[in-house]
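> For reference, the chains in residue letters:
Number of protein chains: 2
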Amino acid sequence: MDKVKVERLLINYKTLEDFKQFQAYGNQEESMLRDLENELVEENSESPFYGIYIGNTLVARMSLYRRSKKYDHYFNPPQDYLVLWKLEVLPEYRDRGYGKLMVEFAKQFNLPIKTNPKLETNEFWEKMGFEAASYNLERDFGENPYIWMPEGVREAVQPPVSRAKEQHEDEEKAN
Amino acid sequence: MDKVKVERLLINYKTLEDFKQFQAYGNQEESMLRDLENELVEENSESPFYGIYIGNTLVARMSLYRRSKKYDHYFNPPQDYLVLWKLEVLPEYRDRGYGKLMVEFAKQFNLPIKTNPKLETNEFWEKMGFEAASYNLERDFGENPYIWMPEGVREAVQPPVSRAKEQHEDEEKAN
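Listed in order, the protein sequences are those of chains H and W.
Taking my numbering, I'd label the letters of the first sequence as residues 1 to 175.
Taking my numbering, I'd label the letters of the second sequence as residues 1 to 175.
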């Protein structure tokens, strides 16, 4: 693995074509493509994606976004944190530690991280030192939030009683 | 289909056991179970779920939450809207129109609806009159937001140029 490194992906037609190999190709990628075509973003400007190339092939990617403290409802004290999503390794390149390498790359910013993994990957995230966030209806809806915290950071947890109460009031509103 | 109706699901041990048949069983359900066990919610109080029973069997469910106008970044004018998630029909009860019935039930509140479907179900949502929301990085991250609007409501769209600009600035912050 000595030549393998995680790098920032640049927005251009090759990257956007490479993205089509990944299962989670969707709205976000199509929006980037439209912005590029309409010259709303410059070719080779930085994307929110990081990835691993083996030769000329993009074999793994993830999106990483630094979210401002003012939107932080996960950590204590409230602070800037990273949202990590679309972590994916192409099937023929799995079981080589590339996923782990990507997550370790994200951790080195030394900011708390929040992700919303598929249920069947919970075990991987736990191995990576993440933990399931305490579920909060209004914040999480259908999400399965997992968080990682560097030294000195704790989870922000609302007292369960007020949480249940709020939930109940909100449900009444939905009637 | 004359006896089939959508009803509010009540939080109790039977409902929570029924939920285990659904693929998206996770954090949210376990949190409800803990709240029930710890008497933080009363047995048979209303859950955020609606569902369809055939006899004694829960065959379909969805979660529906009325979100306040102050969190609305999807609609114009900003207003209260419904977040719909975990719509699911048990495999042996599919192709009978139950999913459609659930979505029609949600529409009858006459509020805009936002959902985040799996990519492979986009076609279903389009048939239901939903449309893909314009992708916005900070709002949507890895989501695939689909929205439905009653008469008189339009999508709230940021001007694409400022969106691209903001995106770029935020990316720089992530470095």
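No lab work stands behind these hints, which were simulated from the structure alone.
One should not assume that every hint holds.
If chains are identical, the list can't say which one is meant, so a pair holds when it fits in one copy or spans any two.
What the hints assert, rightly or not - Derived pair list, reagent style SDA-like, types lysine to any residue, alpha-carbon separation capped at 20 Å:
hint : residue 1 : residue 2
1    : Lys-5     : Asp-95
2    : Lys-100   : Gln-79
3    : Lys-118   : Glu-30
4    : Lys-100   : Glu-126
5    : Lys-20    : Asn-122
6    : Lys-69    : Phe-124
Here the structure is a predicted model, which means the values were calculated and not measured.
> Taking each numbered hint in turn, which are not upheld by the structure, reported in ascending numerical order?
2, 6
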